[in-house]
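Asks: Protein chains in written order, with our numbering: chain U, -2 to 901; chain C, 82 to 214.
Simulated from the structure, these hints should not be mistaken for lab results.
Heads up, some of the hints might be wrong.
Between beta-carbon pairs, the in silico distance windows are [to be verified]:
| no. | chain 1 | residue 1 | chain 2 | residue 2 | range |
| --- | --- | --- | --- | --- | --- |
| 1 | C | I184 | U | F893 | 50 to 56 Å |
| 2 | U | R761 | C | D161 | 21 to 27 Å |
| 3 | C | I184 | U | R679 | 17 to 23 Å |
| 4 | C | I179 | U | E731 | 19 to 25 Å |
| 5 | U | D757 | C | I184 | 28 to 34 Å |
| 6 | C | D161 | U | S711 | 43 to 49 Å |
| 7 | C | I179 | U | G585 | 22 to 28 Å |
| 8 | U | N825 | C | D161 | 37 to 43 Å |
| 9 | C | D161 | U | F893 | 44 to 50 Å |
| 10 | C | I166 | U | S719 | 38 to 44 Å |
Calculated lysine-lysine pairs in the DSSO-like style (CA-CA distance at most 27 Å, straight line) [unchecked claim]:
| no. | chain 1 | residue 1 | chain 2 | residue 2 |
| --- | --- | --- | --- | --- |
| 11 | C | K107 | U | K845 |
| 12 | U | K897 | U | K814 |
| 13 | U | K845 | C | K86 |
Rough simulated footprint, nothing fancy, chain U against chain C, three-plus residues with beta-carbon under 8 Å [to be verified]:
| no. | stretch |
| --- | --- |
| 14 | 91 to 100 |
| 15 | 146 to 152 |
| 16 | 171 to 184 |
Cβ coordinates follow ideal geometry from the N, Cα and C atoms, glycine included.
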Amino acid sequence: MREFEHNELNLEELNTIIKQSNTLIWRSNNKGLFDYFNTTWLQFTGRSIEQEIGNGWTENIHPEDYNNYHETYLEHFRIRKPFEIEYRLKREDGVYRWMLDKGAPFVDTDGEFKGFLGFCVDITKSKKIEGKLEKEQEYLAGILQGTNSGTWEWNIQTGETVFNERWANIIGYTLEEISPTSIDTWTKYCHPDDLETSKELLEKHFYGDLDYYEVEARMRHKNGEWVWVLGRGRVMAWTKDGQPLLMLGTHQDITERKHAIEKLRKSEIRLRQSKEKAEQIAGELEESQKIAHLGSWYLDVATNEVIWSEELYKMYGFDSSLPPPPYTEHMKLFTAESWNILSEELAKTRDTGIPYELVLEMAKEGKHKGWVWVKGEAVFNNHNEIVGLRGVAQDITRRKQMDLQLKVAKEKVDFISKRFQIMFHQAPLGMILVDSSTGIIRELNPKFAKITGRTAKEIQHHIDWVSITHPDDIQEDWDKMKLLNNGEIDGFNIQKRYIRPNGEEVWVNVTIASVEEIGNRRKQHLRMIEDITSKKQSEKALLKEKERAEASENRLLIASQAAQLGIWDWDVEEDYLVWDDRMYKLFGQNPQKIKTNYELWESCFYPEDKERVNQAIEDALTGIKDFDTVFRIIHPDGNQFYIRGHALVLRDQQGNPLRMIGVNKDVTESKTRELILESQNRQLIDFSNIVAHNLRAPLVNIEMLVDVLENSNSVEEQQLFSGQLKSVVYHLNEVFNELIESVQIRQDTEIQSETIVLKDRLDRILGSLQSQINACQADIQIDFDKASTILYPKKYVDSIFANLVSNAIKYRSLDRKPIIKLKTEKVNGLVVLTVTDNGLGIDMSLAKDKIFKIRKVFHNHPEAKGFGLFMIKTQIEAMGGKIWVESAPGKGSSFFVKFKSRKV
Amino acid sequence: MTAIKKLFLVDDDKVFTFLTTRIIAKNNLVEQVKVFGNGLDILNFIAENIHDVASLPEIILLDLNMPIMDGWQFLERYIDLLPKIDKEIKIYVLSSSIFPEDIDKAKTIQAVSDYIIKPLTGDKLINILRKNS
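In isolation and in its complexed conformation, chain C is listed as follows (with noise of 0.2 Å):
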């Protein structure tokens, strides 16, 4: 298993981000977590750094539930983006919703890897690293 060089951590929750990458960063797996606060801040960066693809991250973990531009209308404007994108980038909805219409519109989304129900324990990090690998 390679290491995972960039992880973007997308979650206005400050208490779930602030325990979620400690535990990314107690398995050793990634070298850089970035967390952004919601949507638009996260689509913000990768517009402007869409050319530069060592910036950008293998892996987003993305809340659907947060101020300003959720999960859903950041999805549909990075797919807007998506042919521009130098990069594969895994991403991965991380909610606390067990709600099975957001878990199966979810999984509609070709951009979306898989649904992930919180919290982010380090069994389901490990399977989500396997599979990047």
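So that you can see chain U by itself, here it is in the shape it has in the complex (with noise of 0.2 Å):
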């Protein structure tokens, strides 16, 4: 068979080994000066190593615990024995780090001592949990300093046993001696017959029959002697399914009270037997009783004579010269209930003979003073007669006071330990154990088990952290799982997935944190999982429905460009209107100069449309309608425009209208278009009612009178209806060239504008007027001061001038004198003329719309025709501008002239 050649690591792989480990490595010569430190620690204080040598390193060891370090060092390396010890050092951060620093002397390969090696690694992780325990076992540490006892922690399911100093003390050994220690060490000290004791009482108090595990047993002492120690101890852990876990326990060495007992039962025996040696064996039981603080008496039935032995007296505070005191002084020694007690069970002992072991509590003054520890039995002569009673009586006050202090200590970890594990088990949360170097999870809750999708069963003690784990994330887990370990650092958070059995992905959020437990040195982490699956699917929704919603206002941005519509978006309650790029553009706006709020869309707002618009948007925000409405703006240049307006109101739950949101499109095009047809609509009705009414009419006459003509025989008649004739085909001929001119004005787009002097074309037409104005003596006055000229063509100033003046004299009244006003001014960049007379007027409510329509006369008049108006009107609207009329009868009539250059 081949064996594996075992090769010692050569000298490359080994520095390798030193220069890359995580450990702080440091030799020092055989004069214990400091000669080499590695790359870590170097490292880690951010030091050359120049700094370091001799003993420049010590340097950034903290003051405080300096003296302890250098004493230590210095008396281990003076006896050449291993040492391992505790202090802070300064890292290369400024912050102080607790180090574990071990250090062992080398050899050299003829045996010579060299000088020591050592490593230091960063405990201060555990030193913080420690931190958190370490008052209660300060605490616990005082009690057990106090009572001189040896303490064990005991792991019962791995048999790990930790015991102090002063436990291996008891036996004559060093911790180290002993070391390492187990439950092994217990048994292989322990007196065989003590242990079957001990073993019988371990298990009543782990079926609960008793509470305190407590045992008197004989140990083995170095010496080869047995020595008595009494054993107490508790179970302060146990495992899910009800098996003790871990064990605190004290001893105590109770070998000279054992002795002290012995020695006086032996002492008794040998008084027995001879009364010569009583005065030597009473001194030697004076001795005795002196080391162990046990007093005795002795009663004598007969006599009733009682005796005290010296340290009787000396417990109970009376003279030793004295005779003990009577019974109603010895009764004032205890409390009337343990007198009680004892005189019951003195009285029992006296009449029968069964022997009593009592604790009493003493009092003075009716004040607890203490406790102390009785025994009694019966003397009994050679025919089995009782003659007398002894006992002896220890002061156990000060041991009774440490046991209850740490029964309360315990019971203060044992609520901490119990708190831990409701905590643990009925979590919210996943919670689980888990074993540091192999990642096993020791321990786990119910909820842990529901989140893997797994039994408690199958987990615990058989799946590790990793192999439950998304591939893809166990990486970052791990890297932080070395820190961790390091002690670089105490814990750590990961997003991450687990993958349930049946394939599914668990998204979790686990913190880890990792944790050192009383008695159990091996390292291990908790680590706390909260399932956050449906959070991260709500935030992958959410991403898509973000993705959506930016590609939704990409296409929209998109679109409203492509439509030219400017978008606004108002906050109603704080008045805070947004605008885009398009809006400013639309309403001729500089961005940067603007105060954006709705006054500076109102003010952008034609005058005549601003009080519908607003009403509009009232009506809008009050719900009565939806917001879609044309309406003209008016450019800083005076440029005016139709812009359409749709917007959406968006409302809190109670209805009340939060935001307005809206597009803003030019329609100017097209209402113009749309204006244009209306108008040239109306202008084919207007000319199919000519042709109907104006037409038609002389045309049936026409007909009628040749009807006539041809049935009539008398030459008078005939020559009636041929002059009717005449003068209606006269008519017809009259209607059909004003017919013919009203088209032209239509379609004569190619007139020319000029600018034109107002007065200089008024003049002229009253100069052509003058006869008639002279008639009836009319006063013609003339303001022409805001606005002298007009870019129009000059054809139609005439017209305009012509028929409005002579309408105003031919309408005169013939009441008064006639006075004629005419007057220019400018209202939003356009020439407004006004005519003013004050003639016959005209019943608005009659003439209505119909007084600019062809062949329409309100008047009785001879010379009324119905043409002037109708006229002037289609030059002024041809050119883009407005007539219209205020008038009352009997006092006079205003028209208007809205003038405008541009041709339409």
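Once you've looked at the hints, go ahead and assemble the two chains, each given alone in its own frame, into the complex.
Replies: Laid out in structure tokens, this is it:
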């Protein structure tokens, strides 16, 4: 059979390990001076090798720890023994870290002592955890130290057992000498008979028959003798299935007490055997009692005489030169209850010979003073008759106090651990306790099993955290675990996925903290797991939603750009208006200059439309109807545009408007086209009307006249009818010409505008009307100061002046002297002409819009033809302007002409 | 067929009223024809004689296109007077317009019995009077 060759690591390999190790490594020479530090060390302290060598590095030891370190190092160097010491060392970032430094002597190949080699580990992490239990431990330690007790921590499941120095000292060893320790250390030194008893008592405690485990047992001392120990203990932690897990306890050396009792017993036997030796024995007795602080007494039943030992006097505080105190005084030493018990037991022993053993409460002037352990038995003669009673008493006040304090402290620890158990099992988070070195899950709660989709049985002790983690998520966890294990971090948080047996992924948020349990030196850590799958899913959905929203926003942007839509968003309550770039362009505003609120928008409205648009907004806000309106705006340069606005109102749950979001579009072009179309339509209807009434009427007359002419035999009649026929034909011709003229105006797109001095044109017209003006002595008043020139076709200006002035004269009132006022002014940049007379006036309720229609007359005036106003209206509107009238019968009329020089 | 006592002709076209009156007279079916030049004149006449049933006509022939108050405006105001008139008056619109909108509009007015396109011939007149008796 071939065996693997066993090779030591070669030098190079060793070097690599030393250099790359996470451990801080040092070496000192045979004079105790340090001559080597590895790279990790230098990186940790952030210092150069030159600074560290010799004793240079010790500058960085915490001042409080320096002396202790220095003494320990020198002492062990002197005796050339390994040492282990904890101290704080300053890291390169200035933070003191707790280091565990282990050093040991080393020799060269010739066996010659060369110095010490050692390594340091950062244990700050575990120090911190210890800190939490430190107070508890200090408290316990104080108690234990006070009782001079040995302590033991026994992991019942693994057998691992930790003892303190005192435990070893009781049996004459140092802790180091009996290390490594386990529960076998106890069985090894314990007396076989007492081990049996101990096991029985332990079983009873484990089954709950006994609250405490308590045993008196003998142990083999280093010197070969048996020492008596009082062992006490209690289970502090249980496994989930109810098995005892961790037990804490104490050892007390009770050899002296045991020996004293033994000695007493022996001496008494001897006393009975030899009265001569009584004196000597009494002396011995006295001595032994002094050692054990044990008092004894004897009662002669026959004489009722009582003898107290010297120590008993001392214990109870009486003068030993006097006889023992009387019954009444003796009673005062105890509480009433204790004295009653003692009296009863004494009487019973006296009558029946049954021995007693009691713990009594001592009192002084009604106050608790302490505890005393008493034991009594009957003394028989050869005839088996009771001749006396004897007993011992020991002051156990201090021990009792210690026990009490210990109990309280242990209950406190118990409570904390129980609370943790409950939290662990009922937590809404998954929780596991993991062996840091193997990754195996040692403990878990039901929630964890649920999250990972497995049963607790499948997991516990079988599965490690790596095997249930999503392959992509292992590395990060792994890396951080390394930092945790090295003590570089106290804990960490990670989001990762578990894989369930059915392949499902579970997103979890894991919080990891390392834990060190008392009595368990194996590294482990706690993981708290929160299932965040649904959160992740909604995050994902949100992200998708956002992408979708962004995409649709982009689409909207492109669409709005393509449609040349301006978009606005108005916060109703804050009156904060947001315009996009297109809005500013549409409204001819500078984005930098403008204050963005409703007022800005409103300020752009064409004055006549302002009220209507405000009302439409108001209706949209109150919910009467949606905002969908065409309105005019004026740019700062005076140009006018048509805007079509649509908007939606966003409301809160109560229906109050919060925001109004809308689009604006320049519809000037289509609106203008629409207006042209409308006016053309109107003209067409007018035209049809003219044809129907004004042209057909004379034709009907002609038809009728021709008919009667044909049927008439009278020359007289024929002359009358043909005369009428002539006038009808003349009328028809007139209407026909007017019609053609009006059609020509509408088609006369090429007519030229020119700058006209209004006064010049008016003077010409007035000149041609001079005879009529003179005839009626009309007063013509002219005020063209505010607008004296106009860009307009000359022909139209003449026509407007001629018709309006001649109308004013024609329809003058015969009751008064005609006054005709002509005035110009500028309104919104346009010239407005007003011609006011004090003539007959028109009943507007009858005239309505017909005043400007062809062949519509409103006076029974022989010269009324109904063509002049129709003409000038056609001309004014052909230029894009407007004419309107205000009139009251008997008072006069005012005609208004708004000139526009742009041909529509 | 009983003769009509009074027929009012409302039209501003003098040639037309002359010729039409002549046609009505020739047929000997109407005792009296009265001509009004515009809507306002006949409206005022009716308003003034509203209780004098004898002076009111049985038939009105109404032109649409007239100065001062046209046929439409007369009809609007006539409807207001109607409840006070204690006589059945038939109104016929007599217009040169063959414009369908005018014809349709006239027929929607309750007070208008029919729409007659000019000229008024003897046959058309007899038709009206027949319906009226």
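Asks: The structure should be examined with respect to each hint, and the outcome stated for every one.
Replies: Now the hints, each set against the structure:
Look at I184/C against F893/U: about 36 Å separates their beta carbons, and that is not inside 50 to 56 Å. Between R761/U and D161/C, the C-beta spacing of about 49 Å breaks the proposed range 21 to 27 Å. At roughly 20 Å, the beta carbons of I184/C and R679/U sit within the given window of 17 to 23 Å. As the Cβ distance of I179/C to E731/U is approximately 22 Å, the hint placing it in 19 to 25 Å holds.
In this structure, D757/U and I184/C break the distance hint of 28 to 34 Å, their C-beta atoms being roughly 51 Å apart. With their beta carbons about 46 Å apart, D161/C and S711/U fall inside the hinted range of 43 to 49 Å. Against the hinted window of 22 to 28 Å, the Cβ-Cβ separation of I179/C and G585/U comes to about 51 Å, which falls outside the hint. Here the CB-CB span from N825/U to D161/C is close to 42 Å, well matched to the stated 37 to 43 Å.
About 32 Å separates the C-beta atoms of D161/C and F893/U, a value inconsistent with the hinted range of 44 to 50 Å. With their beta carbons about 42 Å apart, I166/C and S719/U fall inside the hinted range of 38 to 44 Å. Note on K107/C and K845/U: the hinted pairing is violated, with a Cα-Cα distance of about 40 Å set against a maximum of 27 Å. Between K897/U and K814/U the alpha-carbon distance is near 33 Å, which puts this suggested pair outside the 27 Å criterion.
For the given pair, K845/U sits about 36 Å from K86/C by alpha-carbon distance, which is inconsistent with the 27 Å threshold. Look at the stretch 91 to 100 of chain C against chain U: 5 of its residues bring a Cβ nearer than 8 Å to a Cβ of that chain, three or more, so the hint holds. For the stretch 146 to 152 of chain C, the stated coverage by chain U holds: 5 residues have a C-beta nearer than 8 Å to a C-beta of that chain, and at least 3 were required. With 6 residues having a beta carbon nearer than 8 Å to a beta carbon of chain U, the stretch 171 to 184 of chain C meets the requirement of three or more and the stated coverage holds.
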